[in-house]
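Take the sequences, apply the hints, and build the full model.
Each chain is listed here by its residues.
Number of protein chains: 2
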Amino acid sequence: MIISLTLIFKKMLIMQSTLKLILNRSCKAQHCRALGQYYNHKNNDYRGQNFKNKKTPLVIGTAITSLVGYYLFINKNQRHVYAKEAKKEETNAGAYCKGLPSYSMSEVNKHTTKEDKIWVVYREGVYDITEFAEQHPGGDQILIAAGGSVEPFWLLYGIHKNENVFKILESFRIGNLKKEDQVQITDIEDPYAKDPIRHVALRPANMKPFNAEVSPALLCESFLTPNDLFYVRNHLPVPEVDPATFELEIEVEGTRKTVSFTLEELKKFPKATITATLMCAGNRRTEMTKVKAVKGLSWGPCAIGTATWSGVRLRDLLQKVGVTDDEETLKHVQFEGLDFDVTANQYGASIPLWKAVDKRGDVILAYEMNGVPLPPDHGYPLRVVVPGVAGARNVKWLGKIVVSQQESSSHWQQNDYKGFCPSIDWNNADFSTAPAIQEMPVISAICRPAEGDVVKVENGFINLKGYAWSGGGQKIIRVDVTTDGGKTWQIAKLDDQDAALPPRHWAWTLWSARIPVDPKLKEVEIWCKAVDSCYNTQPESFENIWNFRGVLSNAYHRVKVKLGQ
Amino acid sequence: MIISLTLIFKKMLIMQSTLKLILNRSCKAQHCRALGQYYNHKNNDYRGQNFKNKKTPLVIGTAITSLVGYYLFINKNQRHVYAKEAKKEETNAGAYCKGLPSYSMSEVNKHTTKEDKIWVVYREGVYDITEFAEQHPGGDQILIAAGGSVEPFWLLYGIHKNENVFKILESFRIGNLKKEDQVQITDIEDPYAKDPIRHVALRPANMKPFNAEVSPALLCESFLTPNDLFYVRNHLPVPEVDPATFELEIEVEGTRKTVSFTLEELKKFPKATITATLMCAGNRRTEMTKVKAVKGLSWGPCAIGTATWSGVRLRDLLQKVGVTDDEETLKHVQFEGLDFDVTANQYGASIPLWKAVDKRGDVILAYEMNGVPLPPDHGYPLRVVVPGVAGARNVKWLGKIVVSQQESSSHWQQNDYKGFCPSIDWNNADFSTAPAIQEMPVISAICRPAEGDVVKVENGFINLKGYAWSGGGQKIIRVDVTTDGGKTWQIAKLDDQDAALPPRHWAWTLWSARIPVDPKLKEVEIWCKAVDSCYNTQPESFENIWNFRGVLSNAYHRVKVKLGQ
Numbered sequence: 000m001i002i003s004l005t006l007i008f009k010k011m012l013i014m015q016s017t018l019k020l021i022l023n024r025s026c027k028a029q030h031c032r033a034l035g036q037y038y039n040h041k042n043n044d045y046r047g048q049n050f051k052n053k054k055t056p057l058v059i060g061t062a063i064t065s066l067v068g069y070y071l072f073i074n075k076n077q078r079h080v081y082a083k084e085a086k087k088e089e090t091n092a093g094a095y096c097k098g099l100p101s102y103s104m105s106e107v108n109k110h111t112t113k114e115d116k117i118w119v120v121y122r123e124g125v126y127d128i129t130e131f132a133e134q135h136p137g138g139d140q141i142l143i144a145a146g147g148s149v150e151p152f153w154l155l156y157g158i159h160k161n162e163n164v165f166k167i168l169e170s171f172r173i174g175n176l177k178k179e180d181q182v183q184i185t186d187i188e189d190p191y192a193k194d195p196i197r198h199v200a201l202r203p204a205n206m207k208p209f210n211a212e213v214s215p216a217l218l219c220e221s222f223l224t225p226n227d228l229f230y231v232r233n234h235l236p237v238p239e240v241d242p243a244t245f246e247l248e249i250e251v252e253g254t255r256k257t258v259s260f261t262l263e264e265l266k267k268f269p270k271a272t273i274t275a276t277l278m279c280a281g282n283r284r285t286e287m288t289k290v291k292a293v294k295g296l297s298w299g300p301c302a303i304g305t306a307t308w309s310g311v312r313l314r315d316l317l318q319k320v321g322v323t324d325d326e327e328t329l330k331h332v333q334f335e336g337l338d339f340d341v342t343a344n345q346y347g348a349s350i351p352l353w354k355a356v357d358k359r360g361d362v363i364l365a366y367e368m369n370g371v372p373l374p375p376d377h378g379y380p381l382r383v384v385v386p387g388v389a390g391a392r393n394v395k396w397l398g399k400i401v402v403s404q405q406e407s408s409s410h411w412q413q414n415d416y417k418g419f420c421p422s423i424d425w426n427n428a429d430f431s432t433a434p435a436i437q438e439m440p441v442i443s444a445i446c447r448p449a450e451g452d453v454v455k456v457e458n459g460f461i462n463l464k465g466y467a468w469s470g471g472g473q474k475i476i477r478v479d480v481t482t483d484g485g486k487t488w489q490i491a492k493l494d495d496q497d498a499a500l501p502p503r504h505w506a507w508t509l510w511s512a513r514i515p516v517d518p519k520l521k522e523v524e525i526w527c528k529a530v531d532s533c534y535n536t537q538p539e540s541f542e543n544i545w546n547f548r549g550v551l552s553n554a555y556h557r558v559k560v561k562l563g564q
Numbered sequence: 000m001i002i003s004l005t006l007i008f009k010k011m012l013i014m015q016s017t018l019k020l021i022l023n024r025s026c027k028a029q030h031c032r033a034l035g036q037y038y039n040h041k042n043n044d045y046r047g048q049n050f051k052n053k054k055t056p057l058v059i060g061t062a063i064t065s066l067v068g069y070y071l072f073i074n075k076n077q078r079h080v081y082a083k084e085a086k087k088e089e090t091n092a093g094a095y096c097k098g099l100p101s102y103s104m105s106e107v108n109k110h111t112t113k114e115d116k117i118w119v120v121y122r123e124g125v126y127d128i129t130e131f132a133e134q135h136p137g138g139d140q141i142l143i144a145a146g147g148s149v150e151p152f153w154l155l156y157g158i159h160k161n162e163n164v165f166k167i168l169e170s171f172r173i174g175n176l177k178k179e180d181q182v183q184i185t186d187i188e189d190p191y192a193k194d195p196i197r198h199v200a201l202r203p204a205n206m207k208p209f210n211a212e213v214s215p216a217l218l219c220e221s222f223l224t225p226n227d228l229f230y231v232r233n234h235l236p237v238p239e240v241d242p243a244t245f246e247l248e249i250e251v252e253g254t255r256k257t258v259s260f261t262l263e264e265l266k267k268f269p270k271a272t273i274t275a276t277l278m279c280a281g282n283r284r285t286e287m288t289k290v291k292a293v294k295g296l297s298w299g300p301c302a303i304g305t306a307t308w309s310g311v312r313l314r315d316l317l318q319k320v321g322v323t324d325d326e327e328t329l330k331h332v333q334f335e336g337l338d339f340d341v342t343a344n345q346y347g348a349s350i351p352l353w354k355a356v357d358k359r360g361d362v363i364l365a366y367e368m369n370g371v372p373l374p375p376d377h378g379y380p381l382r383v384v385v386p387g388v389a390g391a392r393n394v395k396w397l398g399k400i401v402v403s404q405q406e407s408s409s410h411w412q413q414n415d416y417k418g419f420c421p422s423i424d425w426n427n428a429d430f431s432t433a434p435a436i437q438e439m440p441v442i443s444a445i446c447r448p449a450e451g452d453v454v455k456v457e458n459g460f461i462n463l464k465g466y467a468w469s470g471g472g473q474k475i476i477r478v479d480v481t482t483d484g485g486k487t488w489q490i491a492k493l494d495d496q497d498a499a500l501p502p503r504h505w506a507w508t509l510w511s512a513r514i515p516v517d518p519k520l521k522e523v524e525i526w527c528k529a530v531d532s533c534y535n536t537q538p539e540s541f542e543n544i545w546n547f548r549g550v551l552s553n554a555y556h557r558v559k560v561k562l563g564q
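Protein chains in written order, with numbering that gives the first Met the number 0: chain A, 0 to 564; chain B, 0 to 564.
FYI, nobody ran anything at the bench for these hints, they're computed from the structure. All clues stand as given, with none of them false.
Any copy, or any two copies together, can satisfy a pair, since identical chains are not distinguished.
Okay, derived cross-link-like pairs now, DSS-like style, lysine-lysine, Cα gap no bigger than 30 Å in a straight line:
{"#": "1", "residue 1": "K492", "residue 2": "K294"}
{"#": "2", "residue 1": "K486", "residue 2": "K294"}
{"#": "3", "residue 1": "K358", "residue 2": "K270"}
{"#": "4", "residue 1": "K559", "residue 2": "K464"}
Note that the structure is a prediction, hence the values are computed from the model and not measured.
Structural data, given as structure tokens:
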């Protein structure tokens with residue numbers, strides 16, 4: 000049986016009360032327009048007519064160093080290469096399994112709750128995932144696939160297509176799907192098919208959604224990270240937004256008004272520019288993983304970048320709709336993205352209201368990055384830049400703002416991007432006990448040399464380069480480096496630093512050091528640690544800050560290198 | 000020869016151009032009144048008539064627990080006990096030394112600069128301290144005694160009266176003072192003679208000036224620290240200030256006005272109250288000393304306390320004199336205390352202007368502590384409370400405010416209370432390279448049990464109590480404790496916490512924990528670490544944060560205890 004995408008969606012719509020609720024809630028908002036287009040698929044166009052064949056604005060970097068220039072050749076075939084890599088992930092999971100009972104799809108459909116057991120289908124396999132549901136890293140979202148096939152969702156969240164997930168899934172195998180009910184998905188267009196072309200230097204941590212960082216050596220080459228080399232952290236497909244019809248909606252909870260602004264109207268507000276570093280809360284996660292496995296993308300030390308961001312001050316915009324720094328009832332500003340999944344869930348996050356209205360908060364609704372319109376991967380046409388705060392709150396493709404008494408209810412605000420004690424794991428985590436990460440702690444990294452490099456010793460010295468940053472508007476006041484396990488520390492030179500003073504110092508510091516090494520050694524381990532203007536410093540090692548989500552990985556950065564002559 | 004105090008001061012006045020400069024500068028300011036009284040000594044009254052026989056306002060605590068009550072018996076003889084202890088510090092330093100040449104005081108008088116060599120006298124000893132001058136922990140202040148006797152200064156700075164200092168001094172011995180020039184100081188009244196009577200539970204880290212803290216067990220008994228048990232960190236003798244004649248002077252640099260306010264006038268501004276923790280930047284220094292010796296008072300973990308502070312908002316007062324949150328030229332607010340040394344140097348410090356004018360800065364000129372007038376040791380009649388910022392900036396006995404382009408030039412702002420890399424010591428320190436400590440990093444401590452205690456194990460568990468705090472308005476979100484070196488961490492219960500939200504959460508958190516211990520063990524080491532709302536956490540150990548001044552001692556707190564049944 001070949002089943003069309005339309006049928007899958009129809010089935011889904013009657014399948015889940017959860018989904019209905021989400022749709023109802025969503026349709027009240029401005030984004031229901033986009034949502035309508037999303038589902039109004041004709042001729043198998045997954046995105047709808049309005050979004051079809053729009054040209055993606057392509058921004059080719061800003062001022063870059065000669066080294067960066069070397070990498071700047073855009074590989075036109077990159078998307079094709081990625082597609083091939085994705086294919087490699089496929090395995091025999093879900094294949095017919097001899098000796099197990101057969102179930103019809105209508106039988107599977109009945110198992111959608113914990114009480115009735117939660118069943119799902121993958122290809123020919125039927126699985127009872129009741130026990131696993133509570134441990135699902137994506138939280139309750141797993142319930143949206145309950146009683147049906149997980150395949151449409153896995154097309155969206157490519158992270159599921161890996162051996163570990165297949166292994167977990169197969170451990171819950173209870174049967175085979177009857178031949179006549181098997182779905183051969185031939186006509187779902189890949190929701191990521193329209194993602195922009197990316198720079199070849201961006202090394203993907205995940206393909207769908209796209210998440211990538213450059214190499215450390217490349218990252219530390221320029222104080223302002225070229226747009227093309229800026230780390231990309233997408234949670235969903237990149238939406239194509241028509242700037243001509245785009246409107247930002249602002250809702251103020253309670254009796255107060257709801258207002259919309261076109262891009263042109265937003266650009267009439269005074270244009271503000273800030274220089275700010277953005278960093279994913281999962282930056283440097285791979286190092287924490289070495290202590291004990293964590294759930295999350297394998298970020299190296301380059302899920303961080305610095306740019307100038309220009310746009311309208313959120314403070315100005317909120318004042319326009321009557322929310323000032325004297326507001327006492329409402330406490331949070333929620334941001335909703337225009338990036339949706341197949342269940343109409345859009346990306347969302349919130350920040351405390353004080354940060355948005357404070358004259359020193361410097362929150363910008365940016366339409367420019369490093370002097371040019373935002374690239375599609377970075378939120379075109381409009382994103383929030385909340386300087387000093389975790390990347391996850393800097394919502395891209397901003398569609399709606401809600402000034403509220405409550406935090407955003409989104410998965411990413413409530414059940415992700417939070418820190419926990421090392422003794423907590425997925426089995427005993429209670430997300431309500433930890434605050435959402437906002438201001439980020441102090442961090443640093445050695446960018447050159449990289450782990451395993453052979454480093455030339457010149458007159459007994461080696462050269463290092465790196466970055467350091469702290470959230471909350473704090474400035475880096477010192478970076479210390481050592482090659483003898485902390486017996487002696489050398490002070491690094493702070494080469495590049497923004498002139499802004501704390502508590503409004505939003506950008507990273509690039510540093511370098513020339514440090515002595517014992518000429519008798521063949522190998523050394525280099526450590527670095529930074530101190531910020533609150534004299535906060537980094538924890539020494541990952542053992543005591545380990546957390547099951549692998550966020551806030553800010554222990555000393557340690558790089559082992561070989562010494563050459 | 001018996002020399003009177005008047006003569007000593009007369010000699011000093013012609014001796015040092017440095018001193019003249021200080022006096023000239025000082026006399027321009029409001030405090031020249033106090034200064035005049037200070038030097039206008041008749042009948043050997045060191046402080047002057049106006050300050051004589053004023054009754055010291057004595058404040059007997061606020062609400063306290065039954066345990067605290069036990070300690071609350073005021074030992075009327077305490078001052079006497081202290082005097083005895085001070086006597087013990089005296090040794091044979093400065094005694095006649097056979098075989099060394101003899102010098103007259105007029106010869107000594109010629110040696111006041113590095114070029115001419117710097118000589119000083121202590122009792123019968125003559126010393127060439129040229130080499131030592133640059134390493135003097137008190138910086139340039141040593142030059143004020145150059146070419147004369149150090150004794151009047153050592154009466155003021157009691158810290159010099161210890162074996163180490165005597166040993167250092169004797170290592171620079173060059174001769175004996177001629178018999179006829181020897182000074183027998185009989186008529187200098189102890190500048191600390193009028194210091195208030197203190198609570199017997201305050202354990203002195205230093206007597207003159209008075210610096211003291213209570214025991215950890217007592218400290219964690221109440222969220223608001225009783226005034227009598229609040230740590231005292233004085234840099235100079237406690238001045239007696241007459242509230243009837245007291246005036247606070249505010250100078251705004253440039254062409255703008257200078258205004259004075261009486262206490263009554265200050266009390267007419269809206270009264271603001273904040274709950275804030277104050278902590279000395281040297282709190283927990285004794286632990287850092289174990290890595291390598293540092294210079295500074297031996298503070299345990301109790302140079303910290305929490306109180307409600309009521310007074311006038313500095314923001315309101317500055318607005319009154321024309322300095323608002325829109326000020327762009329002036330950058331700092333300097334505070335001058337009414338506590339002076341014999342050279343007319345008063346205590347001083349400054350904070351960045353933004354903190355003073357920001358609506359979320361909450362800087363208070365407090366005239367009340369825990370609902371009663373400030374006690375003498377805590378700044379009566381007026382002190383600055385800069386919440387979230389190191390104790391040293393919370394200037395007591397506030398006499399003058401200067402809104403300036405510059406930081407305070409005081410010793411304590413420029414050459415003290417700064418953090419350095421572990422590789423820096425007195426020999427290579429350049430104080431201009433480090434920023435003055437303002438906002439404090441996250442810290443915590445175990446208050447019960449204390450090091451060496453025998454702890455009762457109840458059903459395999461032991462009970463802990465402690466505090467945690469972070470500067471900059473950040474809130475403690477978690478405290479983790481371990482008894483197995485970090486293999487497993489337990490989450491402490493946050494018992495007492497102020498309701499204020501970051502970035503205006505100024506008070507500490509009191510916590511407790513009931514944690515399992517291995518019943519086979521006879522001894523365990525307990526560690527604690529805190530995480531604040533920026534997810535900053537403490538460094539693990541002191542080795543890598545060691546600094547020669549022993550400030551910012553916020554590594555994990557580790558307490559070794561014996562287990563009993």
